[in-house]
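**Q** Residue strings, one per chain:
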Amino acid sequence: MTSQEKLRRFEEQISPHLKSAYNLAKWLTRSHEDAEDVVQEAFLRAFSAFDGFRGEDAQPQNAKAKAWLLTIVRNTSMTWLKRNRNAGSTLGFEEALDDPRERSADPEEILLISCDREQVRRALEQLPPDFREAIVLREMEGLSYREISATVGVPLGTVMSRLSRGRDWLRRILSSPRPVEPEEGAALR
Amino acid sequence: MNCDDSRIYLPAYLDDELDVAESLRVQKHLAECGDCQQDQDEQLILRSALRDPDLRAHPSVDFSNRIEAAVRRAANDEARSRRSWRFEFLRLESFRWLPAVAVLLVVTMVGAFVITNSLRSSHQQLIANAVLAGHIRSLQPNHLIDVPSSDRHTVKPWFQGRLDFSPPVPDLSELGWMLIGGRLDYVDGRSVAVIVYQRRMHNINVFLWPNHGSADDAIRQQEAQGYQILHWNGAEMTYWVVSDLNNSELLEFARALRGH
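Taken in sequence, the protein lines are chains A and B. Everything in the first sequence is counted per our numbering, starting at 1 for the first residue and increasing by one. Everything in the second sequence is counted per our numbering, starting at 1001 for the first residue and increasing by one.
These are calculated hints, taken from the structure and not from any lab test. We put the CB at the ideal spot given by N, CA and C, even for glycine. Please note that a few of the clues may not be correct.
Restraint-style ranges between C-beta atoms, simulated for each label pair [as the list claims (entries may be wrong)]:
hint	chain 1	residue 1	chain 2	residue 2	range
1	B	Ser1118	A	Arg122	22 to 28 Å
2	B	Asp1062	A	Glu125	20 to 26 Å
3	B	Cys1003	A	Arg122	30 to 36 Å
4	A	Asn75	B	Gly1226	49 to 55 Å
5	B	Asn1076	A	Asn62	45 to 51 Å
6	A	Lys82	B	Ser1122	50 to 56 Å
7	B	Gln1125	A	Asn75	29 to 35 Å
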């Protein structure tokens, strides 16, 4: 493959997923500047690795390319977060999701969940990274469980439990009568 | 299906990740149960809120252009470095380097021959290690089976669409080997079927996938970390059997399986 041919194929298959790449990076880093840096680095990495890109044969080419790119964006984000700030280890997040409200809230009482976009945004931003990542990949980027499992590098069962616990947590937050104070969100991280 | 099951299956149901039979069971329960229906409604409200296009972060046009430019620059750099390589090569006008190339070629071929030979035997060892690792992993909580069933007519169809071959799942219960389920694993660069049998609480993992080499049916044994590993190449499938069962009983099991 000549460089020109490679560029043409890259722009045809990978570049269209820039929006998804930026969206994922933004949600993972929660910073516009970091997201741009991550995406730029990820695109350059993707370009140099593009010769080896094949993906799984069962997937259609487009989904394949998207999942491939998002895996690179995800890994770049993780490296970026580790390098540029002390992002803290992921240990403890599972425990952190056991919000005290879980035990006190009676499921019967939760009737309506708030769908105000800003509230949803804030709630999602507060969700611990592992869970936020799974939900963004599933709900916004439409990846299948299998693709998420490959992208994040965890077993299928973990994907399912992260999605389901992340959603439960969001539902609790969005239906809780009092607004979530920022300190509370910070404690989760 | 009761409410606890439904709560577990509902997210996967809404994500379209269940097979038809499981989906129908969830649907049936939802039709009967108001609480779970409400659960579903809330999941759907949350889902549409999360799928709101305005919740996404959008890259600026300026940024998109910058990325495009950066990729093109990378392509140019790459083209330039490839060209300079070619010129370096052509600049060696005389052919003084030919003998060196010939020697190199011979050394490479001999080396390749030796390496492929030793690789072939270590390849078997690699598979044995992978199979053993798969067995040990399967003993961790909730890793043993994806489809729990003692019915071969449940286990066998479960693999359909998950593998590019249909693994034989013989019923050996009359011989005292209980089928308890199956799962998928990844060995030797491919997805493989794992059928799980049990005797007296000893789990036996049978890893199998199509055999593209020759069949010899001879059972080879080895022991590692206290586990017995048996292996043979059947006419259609390659088999690897791992268990902590004693050697003679496991051999008996392997013969029963091979005879089927």
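**Q** Each hint should be assessed against the structure and marked as holding or not.
**A** Hint check results:
| no. | hint | verdict |
| --- | --- | --- |
| 1 | Ser1118(B) - Arg122(A): 22 to 28 Å | 59 Å, violated |
| 2 | Asp1062(B) - Glu125(A): 20 to 26 Å | 24 Å, holds |
| 3 | Cys1003(B) - Arg122(A): 30 to 36 Å | 31 Å, holds |
| 4 | Asn75(A) - Gly1226(B): 49 to 55 Å | 37 Å, violated |
| 5 | Asn1076(B) - Asn62(A): 45 to 51 Å | 27 Å, violated |
| 6 | Lys82(A) - Ser1122(B): 50 to 56 Å | 35 Å, violated |
| 7 | Gln1125(B) - Asn75(A): 29 to 35 Å | 31 Å, holds |
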